[in-house]
Amino acid sequence: MKHIFEVEKAVQATDGKPSRGPVYRSVHAKDGFPPSIPGLESCWDVFRMSVEKYPNNPMLGHREIVDGKPGKYIWRTYKEVYDIVVKVGNAIRACGVHQEGRCGIYGANCPEWIMSMEACNAHGVHCVPLYDTLGAGAIEFIVCHAEVSIAFVEEKKLSEILKTLPNTTQYLRTIVSFGKVTLEQKEEAEKFGLDIFAWDEFLKLGEGKQFDLPLTKKDDICTIMYTSGTTGDPKGVLLSNESIVNLISGVKSLLKSTNEELTQNDVFISYLPLAHIFDRVMEELHISHGASIGFWSGDVKGLVDDIGELKPTIFCAVPRVLDRIYAGLTQKISSGGLLRSTLFNAAYYYKFYNMKKGYKTFDASPLCDKIVFSKVKQGLGGNVRLILSGAAPLAAHVESYLRVVTCAHVLQGYGLTETCAGTFVSAPNELAMLGTVGPPVPNVEVCLESVPEMNYDALSSTPRGEICVRGKTLFSGYYKRPDLTNEVLVDGWFHTGDIGEWQPDGSMRIIDRKKNIFKLSQGEYVAVENLENIYGLVPDIDMIWIYGNSFKSYLVAVVNPNVQALESWASQNAITGDFHTLCENPKAKEHILAELAKIGKEKKLKGFEFVKDVHLDPVPFDMERDLLTPTFKKKRPQLLKYYQNVVDKMYKTGC
1 MKHIFEVEKA
11 VQATDGKPSR
21 GPVYRSVHAK
31 DGFPPSIPGL
41 ESCWDVFRMS
51 VEKYPNNPML
61 GHREIVDGKP
71 GKYIWRTYKE
81 VYDIVVKVGN
91 AIRACGVHQE
101 GRCGIYGANC
111 PEWIMSMEAC
121 NAHGVHCVPL
131 YDTLGAGAIE
141 FIVCHAEVSI
151 AFVEEKKLSE
161 ILKTLPNTTQ
171 YLRTIVSFGK
181 VTLEQKEEAE
191 KFGLDIFAWD
201 EFLKLGEGKQ
211 FDLPLTKKDD
221 ICTIMYTSGT
231 TGDPKGVLLS
241 NESIVNLISG
251 VKSLLKSTNE
261 ELTQNDVFIS
271 YLPLAHIFDR
281 VMEELHISHG
291 ASIGFWSGDV
301 KGLVDDIGEL
311 KPTIFCAVPR
321 VLDRIYAGLT
331 QKISSGGLLR
341 STLFNAAYYY
351 KFYNMKKGYK
361 TFDASPLCDK
371 IVFSKVKQGL
381 GGNVRLILSG
391 AAPLAAHVES
401 YLRVVTCAHV
411 LQGYGLTETC
421 AGTFVSAPNE
431 LAMLGTVGPP
441 VPNVEVCLES
451 VPEMNYDALS
461 STPRGEICVR
471 GKTLFSGYYK
481 RPDLTNEVLV
491 DGWFHTGDIG
501 EWQPDGSMRI
511 IDRKKNIFKL
521 SQGEYVAVEN
531 LENIYGLVPD
541 IDMIWIYGNS
551 FKSYLVAVVN
561 PNVQALESWA
571 SQNAITGDFH
581 TLCENPKAKE
591 HILAELAKIG
601 KEKKLKGFEF
611 VKDVHLDPVP
621 FDMERDLLTP
631 TFKKKRPQLL
641 KYYQNVVDKM
651 YKTGC
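Going by the UniProt record's numbering, 6 is the number at position 6 of the sequence shown; the sequence numbering is gapless.
Since the hints were made in silico from the structure, they are not lab data. A quick note: this is a predicted structure, and the numbers were derived from the prediction, not measured. A portion of the hints provided could be inaccurate.
[Claimed, not checked] Computed Cβ-Cβ distance ranges for the label pairs, DEER-style:
| # | residue 1 | residue 2 | range |
| --- | --- | --- | --- |
| 1 | E80 | Y171 | 30 to 38 Å |
| 2 | K180 | V304 | 45 to 53 Å |
| 3 | E80 | D219 | 54 to 62 Å |
| 4 | E584 | G337 | 52 to 60 Å |
| 5 | K2 | K69 | 46 to 54 Å |
| 6 | L213 | K357 | 54 to 62 Å |
| 7 | A10 | G337 | 51 to 59 Å |
| 8 | K357 | K604 | 52 to 60 Å |
| 9 | I37 | G308 | 29 to 37 Å |
| 10 | V7 | I37 | 22 to 30 Å |
| 11 | I65 | K357 | 43 to 51 Å |
| 12 | D483 | E453 | 53 to 61 Å |
Ideal Cβ placement from N, Cα and C applies to all residues, glycine included.
Starting from the given sequences, assemble the full structure and let the hints guide the process.
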């Protein structure tokens with residue numbers, strides 16, 4: 001295990017506790033965790049120190065609109081952004097929001113998002129991203145649960161925040177649009193006693209005012225990020241200044257040790273939601289280096305055009321985005337004629353062969369890079385040197401393909417909101433790490449804990465078990481939920497719920513999920529028990545098991561239909577056959593899917609929460625086939641094993 005080293009011995013199972021494998025650190029932390037950066041105590045210091053060091057560097061850029069279309073990027077320097085942040089901070093304080101107050105930010109990534117966030121950092125106000133894809137009513141829930149008193153909102157999202165009134169008016173007192181406010185919107189807000197401002201109008205509240213910045217400590221909470229909960233209510237993850245600052249120190253150390261340091265000349269494209277920890281910490285990392293952040297124009301169809309205009313050097317993505325890039329490239333090559341595809345494939349296999357022999361990415365075939373793969377590189381703007389995939393597993397064949405043709409390092413990482421995003425990341429020029437998330441980052445310790453009920457043994461020759469993480473990047477708990485905090489934080493160890501398998505070189509492969517929450521390929525969490533409870537309201541079914549593959553973007557399900565309901569439907573529609581025959585009838589499947597979609601719409605489920613394909617099983621789930629516990633709870637690993645062929649067929653046919 002050349003990429004990690006052991007710091008604590010394994011612990012055998014005792015007193016009903018599962019056994020724990022050895023504790024490991026990254027080999028880059030063999031002599032201790034990376035030291036903290038002098039003067040860097042809080043997220044405000046990250047920005048403040050870069051303003052002092054790089055005042056004239058371009059910091060935040062967005063595309064100007066020319067004749068209704070996105071044009072060139074226009075930039076604000078670090079000093080220009082700082083001056084606006086000061087005004088925003090003073091205006092927030094003028095509205096009566098003080099240290100430890102809660103400020104919501106709702107909308108797509110844009111310069112105003114970052115400026116609002118930095119103003120919160122300056123005054124010790126807890127930044128609370130508002131993220132509507134967590135489910136119906138999530139905005140209202142978060143505003144009330146976090147007691148948000150002021151909310152910055154994207155102009156086109158104003159109608160959504162106003163829909164929460166009057167239910168949120170116990171806490172929400174001020175709304176600030178990133179753009180304009182219509183007269184109707186102003187009247188609606190004022191009807192419930194709220195102040196509402198357009199962006200420029202709000203900035204004037206801070207002119208001529210000066211509020212002293214409060215003293216902030218490392219362990220002060222910086223942000224409350226909400227993530228999916230098993231009961232349907234999002235959980236507020238408390239992240240301190242120390243968590244984010246330590247992550248920055250660790251990533252800086254890691255990049256330096258691999259000769260891939262960020263510099264003030266790097267350019268980052270911001271399009272993954274800032275409401276997620278992945279993009280938030282990446283932007284903090286770039287700010288700490290005085291680098292430039294360019295925001296996308298907000299349209300997925302225009303992302304490639306944004307990239308071509310911005311020419312980023314660093315590109316972060318979820319697997320769904322990289323899957324699309326892969327599919328687009330392979331389709332383009334296959335449709336380009338026999339000669340072109342033959343040349344491309346020959347170059348691909350030659351370079352890939354050299355990489356497997358140990359050649360570094362940029363040395364494997366400079367000629368092929370120049371003649372064949374340069375067009376792919378230009379398609380990503382021409383300057384990308386590092387592509388980082390996170391939020392869900394990236395298929396090994398996609399990762400290997402992109403490592404060859406993009407002329408860039410393609411790295412896969414792993415982390416959770418609770419671990420401040422960074423926990424594992426694969427290493428550049430290490431082809432053996434394909435399909436893994438790499439070794440731990442240098443500022444955490446990791447061990448595996450046995451999961452006997454799933455036959456995972458952390459002490460076996462191939463160690464497998466629940467991934468547990470320890471270190472200063474961990475969250476401070478779930479807001480107002482000490483019960484949930486105590487479930488996952490035990491003796492300083494955060495239990496991720498993910499099952500991992502150590503590889504011989506010290507990298508980690510994610511192989512399973514202990515808890516009943518999983519991610520789809522676009523990085524969205526699915527609380528499966530909650531969905532099964534909702535779909536279980538359909539009277540035509542007795543039981544449903546929902547499955548989601550992290551390499552796929554949609555859900556499938558196995559359903560036990562209700563005999564009487566299905567037979568009654570068949571009779572009304574002049575369809576003959578016994579119950580078993582009806583379950584095999586495509587029209588019956590369409591009927592059940594329609595009923596599931598109906599309840600999904602009624603309960604305002606998000607698109608990715610809709611079941612896209614079903615298999616109707618006339619035989620109920622039972623204990624005899626080991627599919628249910630004696631208390632009739634579903635045994636999910638056993639269900640997957642039993643229905644594996646059915647699941648594979650549903651995903652193979654696609655939707």
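Going down the list of hints, with the structure as the test:
1. The beta-carbon spacing between E80 and Y171, approximately 33 Å, falls within the hinted interval of 30 to 38 Å.
2. Judged by the Cβ atoms, the range 45 to 53 Å given for K180 and V304 is violated: they are separated by roughly 29 Å.
3. Remark: the range hint 54 to 62 Å for E80 to D219 is contradicted by a beta-carbon distance near 32 Å.
4. E584 and G337 have their C-beta atoms about 44 Å apart, which leaves the hinted 52 to 60 Å range violated.
5. Judged by the Cβ atoms, the range 46 to 54 Å given for K2 and K69 holds: they are separated by roughly 51 Å.
6. At about 56 Å, the beta-carbon gap between L213 and K357 stays in the expected band of 54 to 62 Å.
7. The supplied range of 51 to 59 Å is met by A10 and G337, whose beta-carbon atoms lie about 58 Å from each other.
8. Distance hint check for K357 and K604: the Cβ-Cβ separation is about 54 Å, which falls inside the suggested range of 52 to 60 Å.
9. Take I37 and G308: their Cβ atoms lie about 35 Å apart, and the range 29 to 37 Å holds.
10. Between V7 and I37 the C-beta distance comes to about 23 Å, which sits within the given range of 22 to 30 Å.
11. Look at I65 against K357: about 50 Å separates their beta carbons, and that is inside 43 to 51 Å.
12. Between D483 and E453, the C-beta spacing of about 22 Å breaks the proposed range 53 to 61 Å.
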